[in-house]
Amino acid sequence: MTTITVNATAGSGIKAEQWVQMYRRMVSIRLFEEQVNELYTRALMPGLAHLYVGEEAVAVGICQALRREDYITSTHRGHGHCLAKGASPDRMFAELLGKEAGYCRGKGGSMHIADPATGNLGANAIVAGSVGIATGAAFSAKHLNNGRVAVCFFGEGALGQGVLYEVMNLAQLWKLPVIYVCENNLYTEYTHFSETTAGDILARGSAFGLQTASVDGQDVRAVYETAKRLIEHSRQGGGPALLLCNTYRYTGHHVGDINREYYRSKQEEQSWKSERDPIKRLANWLIEQKLSDSNLLAAIDAEVRSEMEKAVEFAISAPYPDVKEAEENVYA
Amino acid sequence: MPDAGARELTFAQAVREALAEEMRRDPRVCILGEDVAEAGTPFKVLSGLVEEFGTSRVIDTPISEAGFTGVAVGAAMTGLRPVVDIMFGDFITLTMDQMVNQAAKVHYMSGGTWKVPMVMRTTLGATRRSAAQHSQSLHAWFSHVPGLKIVLPSTPYDAKGLLKTAIRDENPVVFFEDKMMYRQKGPVPAEEYTIPFGVADIKRVGRDITLVGTSSMVQVALGAANLLEEAGISAEVIDPRTTWPLDEKALIESAKKTSRVIIMDEGYGRYGVAAELSAVIAEGAFYDLDAPVKRMGAMHVPIPFSPPLEDATVPTEKSVFEAARALCGKT
Ligand SMILES: Cc1ncc(C[n+]2csc(CCOP(=O)(O)OP(=O)(O)O)c2C)c(N)n1
Chain B
2 MTTITVNATA GSGIKAEQWV QMYRRMVSIR LFEEQVNELY TRALMPGLAH LYVGEEAVAV
62 GICQALRRED YITSTHRGHG HCLAKGASPD RMFAELLGKE AGYCRGKGGS MHIADPATGN
122 LGANAIVAGS VGIATGAAFS AKHLNNGRVA VCFFGEGALG QGVLYEVMNL AQLWKLPVIY
182 VCENNLYTEY THFSETTAGD ILARGSAFGL QTASVDGQDV RAVYETAKRL IEHSRQGGGP
242 ALLLCNTYRY TGHHVGDINR EYYRSKQEEQ SWKSERDPIK RLANWLIEQK LSDSNLLAAI
302 DAEVRSEMEK AVEFAISAPY PDVKEAEENV YA
Chain X
31 MPDAGARELT FAQAVREALA EEMRRDPRVC ILGEDVAEAG TPFKVLSGLV EEFGTSRVID
91 TPISEAGFTG VAVGAAMTGL RPVVDIMFGD FITLTMDQMV NQAAKVHYMS GGTWKVPMVM
151 RTTLGATRRS AAQHSQSLHA WFSHVPGLKI VLPSTPYDAK GLLKTAIRDE NPVVFFEDKM
211 MYRQKGPVPA EEYTIPFGVA DIKRVGRDIT LVGTSSMVQV ALGAANLLEE AGISAEVIDP
271 RTTWPLDEKA LIESAKKTSR VIIMDEGYGR YGVAAELSAV IAEGAFYDLD APVKRMGAMH
331 VPIPFSPPLE DATVPTEKSV FEAARALCGK T
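So the protein sequences, as listed, match chains B and X.
My numbering numbers the first residue of the first sequence as 2 and each following residue consecutively.
My numbering numbers the first residue of the second sequence as 31 and each following residue consecutively.
The set of hints was computed from the structure by calculation and includes no laboratory data.
The beta-carbon is built from N, C-alpha and C at its ideal position, and this holds for glycine as well.
One thing to keep in mind: the hints can contain errors.
In silico contact screen, one side only, chain X against chain B (beta carbon under 10 Å); selected entries [unchecked claim]: (1) Q43; (2) P72; (3) H137; (4) G141; (5) P275; (6) E278; (7) S336; (8) P337; (9) D341.
Calculated lysine-lysine pairs in the DSBU-like style (CA-CA distance at most 35 Å, straight line) [what the hints assert, rightly or not]: (10) X:K145 with B:K325; (11) X:K324 with B:K267; (12) X:K74 with B:K274; (13) B:K325 with X:K194.
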């Protein structure tokens, strides 16, 4: 494969195929979630599902700037983080359906996928539930001097939890390599963030002396560049950072949240989708820059689609765990 | 007990009606919680309240359980009667210091001078496929703490009457609602009524065995009692309704009458509510018992997501039926 070095517009000197890889990852997340929605509507999926559609550039841009052994912690809206860090869709779907072959042997489900092989310490169904864990991972990385960093993904709803500020303070005191990534998709469940968030978000980080930055979360190139800078600074001993990604979830808080007009308008949803879609934006840029063309991108879409279909089939036909499994793994 | 001919409400409607009536009666009552206003909570329990009472009394909070519970404690001490909404019972862990070290102790520590008339409403119950952090029944934690009162309604009628009592109580009260029960219907009279704390309700009269059930387990007990009847065993079903204050007398009397007891509570069996009720009965009815008191609760594991695993973690009509038959020596 020919490698094209991207010109100054991208600023990073990274290779064309890495942008194409980011394109593929974003498409993977989108199509994964499409299947989740389908599974849920066909009543094949138990429990709730919180889709990441619309926010793909955040997880992908940031995870692209990480190494495989770096850590992440994730949220109830975690499928995107998980895929972006390198998990495979078949075992994820199996987990979503509560099957033995799932990442957590069916015990965790959608909100608790974890994957040590890709540094994923786990999704979390408690808002801000993983901020301590991420900071702890950074603590051990520093202590063991293994050069790793930890990225802590959380929604802007987590800004309401006091523990976040306790760990930011600790992380700065101890100069820990942790990057707190606030995904502001504008709404907690059904409430606009301006009704629950006083003051300035980044100022909360700078109050503790964290490096801070805010970025258009619908622009994967901007996310990647900014994340790269903060991550490398942190990795070199520069201490923690807070990165605010401004983004939008296209669908409901969870798949059952269909009638949303009492908290946000259809026009608002439409304008984010048609004007700022992260996948379309990267595709257009790749084509403009002649780093790819629409046929190649369409081929990627088709490949990913069939990968997802196969993964779903695998999960549907996979067996449930034996009932005895319920009592296993309580203690290590 | 309501009249058979009374109108029917769902559990959720009964809760909402209790809140609405108390808010009309007493302007000091206000609601604090996440997505309680326009959204009416994810379970839609509070739908319509903000339209009637406005956003100054039905107040959306940030996702700050410790913070707004603490605010409720302070507000209760200084003239309001807040009702806080903790969406999932699992999140009470975030409010522990406010409830256990503050709310529960203020009255005592101040030598009876300050009072904390607040209510915390929250949920319990598994089998909703919500996994380990959204399925627990943690009412035993609060039941352990002096200074708190704990309510576990099992029918729409009880929910309404007990919630009104909770709001009028001068103490911090924690009110647990089974989230699987919100759509269940039952008779609720339109006329005003309240139900006192510390009074158990005999949900079914029987002779051979007592099934003590709390919250979600009352329906399971009633179902098991029907199965037992077909097997020629007459089961009494009794619901303490509040774990504190506790109607010890009613439990002991029922145990003395039937001489066999199973306690069913969806909390963990170990060190739980079932253990406490079992001890109360063992101490009070020892000489009348024909078998050791049996506890049935959630399996002692974090609630698994996978449906067949999750189903195995909670007592069912069938498992209670089997246990009761064994206890009666009729296997
Ligand atoms: C401590 C806690 N409180 C409440 C909830 C219920 N809950 C689940 S998701 C959510 C909103 C989260 O909003 P945000 O953090 O912005 O993430 P988003 O869903 O927008 O991705 C709430 C309130 C929870 N899971 N944990």
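Report task. Against the earlier hints, flag every one the structure doesn't satisfy and list their numbers going up. Result -> 1, 3, 4, 5, 6, 10, 11, 13
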